[in-house]
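Protein chains in written order, with numbering that gives the first Met the number 0: chain W, 0 to 238; chain U, 0 to 238.
Quick caveat, the hints were computed from the structure, so don't treat them as lab data. Do not rely on the hints blindly, as some may be mistaken.
As the list claims (entries may be wrong) - Rough simulated footprint, nothing fancy, chain U against chain W, three-plus residues with beta-carbon under 8 Å:
(1) 29 to 37
(2) 121 to 134
Claimed, not checked - Examples of chain W residues toward chain U, derived with CB under 7 Å:
(3) Ala6
(4) Pro113
(5) Leu114
(6) Pro117
(7) Ala215
To be verified - Which chain U residues stay away from chain W? Per the calculated CB distances, all over 10 Å, these:
(8) Lys35
(9) Leu86
(10) Ala197
Predicted model only: the values in this text are computed from it and were never measured. Glycine included, every Cβ here is placed at the ideal spot set by N, Cα and C.
Chain residues, written in single-letter form:
2 protein chains.
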Amino acid sequence: MYLGDTARVPYGNKSPETVVRYSLACARFLLRHEVKIVLVACNTVSAHAISALADAVPVPVVGAVVPGARAAHAASKNGHIGVIGTLGTIQSGAYERALRGLNHGARISGQACPLLVPLAEEGWTQPEDILGAIARRYLGELRAKDPDIDTLVLGCTHYPLLRDGIARAAAAVFGRELAMVDSASAMAHAAGEALVAAGAVRREGAGALACHVTDASRLEELAPRFLGEPLASFALVDL
Amino acid sequence: MYLGDTARVPYGNKSPETVVRYSLACARFLLRHEVKIVLVACNTVSAHAISALADAVPVPVVGAVVPGARAAHAASKNGHIGVIGTLGTIQSGAYERALRGLNHGARISGQACPLLVPLAEEGWTQPEDILGAIARRYLGELRAKDPDIDTLVLGCTHYPLLRDGIARAAAAVFGRELAMVDSASAMAHAAGEALVAAGAVRREGAGALACHVTDASRLEELAPRFLGEPLASFALVDL
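Isolated chain W (complex conformation) (with noise of 0.2 Å):
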């Protein structure tokens, strides 16, 4: 059961009162088609939200957030983090929190990106040109905080699509190659992991993919950056 929010996204730029309420609605809607637990698979509503959604919701509810951290916590050889995304996300401090739980004596970086969402869903994914350009502009306000910083978090989870451009500025920025942490796929592990705990992995048969979207604008174009492959059908619904 998958649920888009397309007529209200991007999130990255609400309030985190806006954020909550949108959230909440969309985890009702899931609730009723009784999942067995809920991935927050943004990292804004991780940020604003996974406690809201943790008090509504009765199943397990997996975020972005803290399995990033923990990624990140795994992968700095210095503590010294960085984090770009969203301005929701960066000016949460989240990740900041999370990653002080693992490590007090962290330091954390965080540099808001707009630009990069609607640079993922244009398709200019190309590392060099305008992507490089930009990608450099926000890495070296990074930069200029903590120039120690030897892990990036990708805390987004539209960023994976521009990954080798924002590699290729980082290490053009820094002077050196920086570890980069997928706060999605580190979220889709946490995911598995909780599945395992609760003793609730599908044992026979493959599962199936229900896609629901509340707007199909953009939907064919978009769908298939994101998940690989065509999307083969789905429903529009009003929440």
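Knowing the structure of chain W, use the given hints to seat chain U on it.
Just chain U, lined up with the frame of chain W:
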């Protein structure tokens, strides 16, 4: 009475159905405050929802597309007109219909520029560097459709903030200056004319701005860029 549906912006990528639904909710709010005219200060809403709004609203409704098309018709010497705007505005064909109504022989070419709104909101409005590279890429696609364009419509109320950068990029791509038409200014003039025609011009005392938004995030940062002065106060409303 200003209402910004800041919780659900941007509208530029949403489907016509969603834009109509949200626009009618906005209009209902304004009508409860007994406005004497409704200005649709967004090209995407003007393109998708002007008929639905005119049907639903008992006072004059002035959008951006028809005034923008009139100004472009007046500015163009050869009838080759380019329109840049959101994906929704361009896909709607609204400018093309309006311009063909004024000049059957006009040749209209549209180019969606999804990155320009987030760029304006990020404040990266300097003509060179990233704005220049993005604008040249979009305008290069426009030139491929019609190299004889002599007039460019800024078919989005965000674009005047990027005007210098767009004008320079257009001169670089087309090899000559294009006439630039600002749909927002054209709409403001049309609104003045509509008030005169309705005998509804305020005769004494200065007006005042009552600003309402559905989400206050980034308001203190963004409002001055569009208003030209700090925002004195605002009210948060739930549509």
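Hints, one by one, checked against the model:
{"no.": "1", "hint": "29 to 37", "in the structure": "violated (count 0)"}
{"no.": "2", "hint": "121 to 134", "in the structure": "holds (count 6)"}
{"no.": "3", "hint": "Ala6", "in the structure": "holds (5 Å)"}
{"no.": "4", "hint": "Pro113", "in the structure": "holds (5 Å)"}
{"no.": "5", "hint": "Leu114", "in the structure": "holds (5 Å)"}
{"no.": "6", "hint": "Pro117", "in the structure": "holds (5 Å)"}
{"no.": "7", "hint": "Ala215", "in the structure": "holds (6 Å)"}
{"no.": "8", "hint": "Lys35", "in the structure": "holds (31 Å)"}
{"no.": "9", "hint": "Leu86", "in the structure": "violated (7 Å)"}
{"no.": "10", "hint": "Ala197", "in the structure": "holds (34 Å)"}
When each numbered hint is compared with the structure, violations occur for hints 1 and 9.
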